[in-house]
Amino acid sequence: MIMENNESNMVTIHVMGKSHEVPGDLTIMKAMEYAGHQFRRGSGCRGGYCGACATIYRTKGSYKLLGALACQKMVEDDMYIAQIPFSPAEKKSYDINDLRADANAFMVHYPEISRCLSCNTCTKACPQDIMVMDYVQAALRGDVSEAAKLSFDCISCGLCAIRCPAEIVPYNIAQLARRLYSKYVDGPAEHVLEKLKEVEEGKFDAEIAELQSLDREALKERYETREKRL
Amino acid sequence: MRLPYYPGCTLKTDAQNFETSTLEAAKTLDIELVELPRWNCCGTVHALAKDDVIHYLAPIRNLIRVDEMIANGEIEDGKLVTQCVMCWNTIKRANTAALEDPDKMEKIRGIMEKEPEYSGKVEVLHFLELLKEKGWETITGAVKLPLEGLKVAPYYGCLLLRPREFALDDPDNPRIIEDLLEALGAEVVDLAYKSKCCGAYHAVHMKEVSAELSHKILSQANEMGADMVVTACPLCEFNLGKRQHEIKKLHPEFSSIPVVYYTQLMALAFGLNEEATAFEENTPDPRPLLAEKGLIMER
Numbered sequence: 001m002i003m004e005n006n007e008s009n010m011v012t013i014h015v016m017g018k019s020h021e022v023p024g025d026l027t028i029m030k031a032m033e034y035a036g037h038q039f040r041r042g043s044g045c046r047g048g049y050c051g052a053c054a055t056i057y058r059t060k061g062s063y064k065l066l067g068a069l070a071c072q073k074m075v076e077d078d079m080y081i082a083q084i085p086f087s088p089a090e091k092k093s094y095d096i097n098d099l100r101a102d103a104n105a106f107m108v109h110y111p112e113i114s115r116c117l118s119c120n121t122c123t124k125a126c127p128q129d130i131m132v133m134d135y136v137q138a139a140l141r142g143d144v145s146e147a148a149k150l151s152f153d154c155i156s157c158g159l160c161a162i163r164c165p166a167e168i169v170p171y172n173i174a175q176l177a178r179r180l181y182s183k184y185v186d187g188p189a190e191h192v193l194e195k196l197k198e199v200e201e202g203k204f205d206a207e208i209a210e211l212q213s214l215d216r217e218a219l220k221e222r223y224e225t226r227e228k229r230l
Numbered sequence: 001m002r003l004p005y006y007p008g009c010t011l012k013t014d015a016q017n018f019e020t021s022t023l024e025a026a027k028t029l030d031i032e033l034v035e036l037p038r039w040n041c042c043g044t045v046h047a048l049a050k051d052d053v054i055h056y057l058a059p060i061r062n063l064i065r066v067d068e069m070i071a072n073g074e075i076e077d078g079k080l081v082t083q084c085v086m087c088w089n090t091i092k093r094a095n096t097a098a099l100e101d102p103d104k105m106e107k108i109r110g111i112m113e114k115e116p117e118y119s120g121k122v123e124v125l126h127f128l129e130l131l132k133e134k135g136w137e138t139i140t141g142a143v144k145l146p147l148e149g150l151k152v153a154p155y156y157g158c159l160l161l162r163p164r165e166f167a168l169d170d171p172d173n174p175r176i177i178e179d180l181l182e183a184l185g186a187e188v189v190d191l192a193y194k195s196k197c198c199g200a201y202h203a204v205h206m207k208e209v210s211a212e213l214s215h216k217i218l219s220q221a222n223e224m225g226a227d228m229v230v231t232a233c234p235l236c237e238f239n240l241g242k243r244q245h246e247i248k249k250l251h252p253e254f255s256s257i258p259v260v261y262y263t264q265l266m267a268l269a270f271g272l273n274e275e276a277t278a279f280e281e282n283t284p285d286p287r288p289l290l291a292e293k294g295l296i297m298e299r
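Residue numbers (my numbering), protein chains in the order written: chain V, 1 to 230; chain Y, 1 to 299.
No lab work stands behind these hints, which were simulated from the structure alone.
Derived CB-CB ranges, DEER-like:
(1) 91(V) x 206(Y): 30 to 40 Å
(2) 102(V) x 256(Y): 22 to 32 Å
(3) 65(V) x 171(Y): 45 to 55 Å
(4) 250(Y) x 66(V): 48 to 58 Å
(5) 216(Y) x 114(V): 24 to 34 Å
(6) 65(V) x 29(Y): 45 to 55 Å
(7) 79(Y) x 199(V): 50 to 60 Å
(8) 242(Y) x 205(V): 50 to 60 Å
(9) 86(V) x 250(Y): 50 to 60 Å
(10) 79(Y) x 182(V): 36 to 46 Å
(11) 249(Y) x 66(V): 47 to 57 Å
(12) 19(V) x 32(Y): 47 to 57 Å
(13) 171(Y) x 91(V): 42 to 52 Å
(14) 3(Y) x 95(V): 53 to 63 Å
Only pairs whose alpha carbons sit at most 16 Å apart, straight line, appear in this in silico EDC-like list of lysine to aspartate or glutamate:
(15) 124(V) x 115(Y)
(16) 92(Y) x 165(Y)
(17) 220(V) x 210(V)
(18) 114(Y) x 129(V)
(19) 124(V) x 113(Y)
(20) 64(V) x 113(Y)
Glycine is no exception: its CB is placed at the ideal position from the N, C-alpha and C atoms.
One chain only, chain Y, in its complex shape (with noise of 0.2 Å):
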């Protein structure tokens, strides 16, 4: 038996007696080890360790302004409001581990030498958390038109949610989006798939991956008569709905449901302008929809 085999530097230096005798006992057993070519260092362990030190410094980096800010009395809470789930992911995860984790804290002021150094007292927050802590009833007080007999679909996608100890809601029925909803007075439509995988960044290089998954969930949401699906991910939003002529190609009898953000229904619940619902940047278009139900004017 003849196998490439793998030293490290080890063996070579502090350890030679343990290469020595593996050689050997090999040799006994009639396995012969033979020493990988070219081989290289094998990255240690540290490479795996989530010592991704580097990817650190953008969002510890935002958080200090956060500080700053505060320093100059432009702001009283510690707090970083973020509105796309990736920058709300990121953010908060590192900060998470900026607090839990003073080594790793060590080699990020390490690194960033002379720049300011974090509290550590900054909270980040998601738009949607702000809501809640506002209290629905405070939402449902603004509303000036309530979105009566719309059948919306939440789609909460996987930033959200995941990993789960980072979930904004319960990671296996949330109901964020849906209360939100509810105080606007629309029509929850309760998705299977609200929670599964649009494709995300397939849609860059595989793009029919993405078309496929979003179909799925797409063709739940028709399944179940919802006029349309809201979401609060820019990347959803791409793969759900600027995409569809994607899936129209896979699946010809796919029929087109608008997808838009919950910010937008917010805009439109509240009696907002045409400016601040900006519902011509959708794709499909779901202005005619709500024009059938009555919510915004015939064009």
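Looking at chain V on its own, in the form it has when it is part of the complex (with noise of 0.2 Å):
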């Protein structure tokens, strides 16, 4: 919600050349809806989950490049604002079940991943604090592990792609990473495993049946209830 207008508080930010007065108090998101532009893409979640919003802004004096979602960064007086919304990458297809949790699934699919100069520029620009560079090499060496954990909080907001030096797309690494962690390190999950064979064997069919009869107005009810009937 924004508030009452109050003009001490008002701030200047420049969407991609052009000039806006918008209250302080506001998210760059919620600033650029506020000067008029409207989101058809580059914003998703609005929560800092999605990665949708990635943004790049400089504040002025400054030659620095940075970068932030715009659903969680706040304008600050004087930023230069545009936005990266989709960042092209090349995305290889594999077949997880061909591969091994090594250093060469990593070499084969993206090789340019050997040249990474570990200037850890990913890392800085990485809005979620992530150790970019730390899971590129991770990956590099083969821990597949340390590289699932390390890039765990990824949202695949491009933004270290399109800074690196070396035209790694980091989050793919991580991407991958994590999917050969759950293939061969952690496996699957037991309670999972256990679910599916209740499924299979017919444990819910009465149930999904029962409510595959009722009428809207009972499944109404039936939803708003949930909670008191668990």
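Using the supplied hints, reconstruct the complex from the two chains, each of which is provided in its own coordinate frame.
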């Protein structure tokens, strides 16, 4: 919700070259909407989870190009903003069953990973404060567990990829690492297997059949009282 | 005479008189200087002046991790031990460059920004140096199975000895692996080719270059009656050992010879188990020969 305009709290932001006066207590995303922008792309969950609103910005008097999620970062006075709603990246298809949890899996599908200079630019670019360079390095030495663990909070916003001088797409590495980890290191979750078995054995068939027989009103009532019944 | 001419930025801006006089003087001498089409920046001398700061970030950051261990009270000595010769060579050289060149260190700091500053106090040691520091008598004292009758040819390759100022031993006649092998009770075979190139990364795209160079080294070891070759470098081990089938393709008469890491012979002499010696990962397999010498059990 936008508060009553308080002139002392107004800041100037520059969105793709055009200046706007906006309240200083808004996120970049809300400030852009306040200024009249409508998001068709580059906006998703608005809660810092989906990674759709990658944004680059610079503040006055600084040469530094910084990155942030528009839904998380608060505006600052004289912020120069541009959105990067989509970062084009080559994504390889692979059958996880044909891979092994080792360095080779990364080298074969993303050979550019070996060009990593350890410059740490990716880590600095990450709005999630992930140690990106460290997980790329872990993948390079075949430490799938470490790569999966370090990259767990990645939301694939793409800011690391557009800053990497070696043109690595770290979030693709992260995704492969986590897939390898769940397939070969962690293994299948026992409780899921058990539940699947119960489904196959028909444990829930009667309940499902009952739900299918109910009319809209009865379903609505069931839904609204679901927590009481639990 | 018509020649392409590269002016560069300064002759176009602050030294225009330099360019005019040059072109005029050339004309007098019947030299026609044609400005190079689409010329771009020469790269400036910095490009060639060891100003490659970006490549220092990785090794320096590793040294910062040592600082952190000291700060956390995990270790006392500011030493970092490495085993792979490439890592040792790179980190040691980066360390020296950082200590001797404050300008470079300043630039590294600038690029690393918020990362911790390197103290400059870490000493980079190769594992071989650590062994030498311990003393060869100490090594001999730990031997349970002296490698008697085993003729071993040390092979140093390049990175332990080059560039000269970083060599871990006399670059022309190193002794450190020889001393270690003698401490283990082995008989040393001194190869003239012990620091000649194994072909290094030519193994990737010009297999035959590596195969020819490795063939020379291994043939000498064979001629001098060595039972095996030891190395301290994973790339040498790959070229000399795992790629012997490439040598056979070029030289069918070549007889294969095991190549192992010096640490594997240490583990063997210290009486450690098969998990520690891990000879099953070597190609060619050194175990038949070691069994023949009575150093391991027949399988």
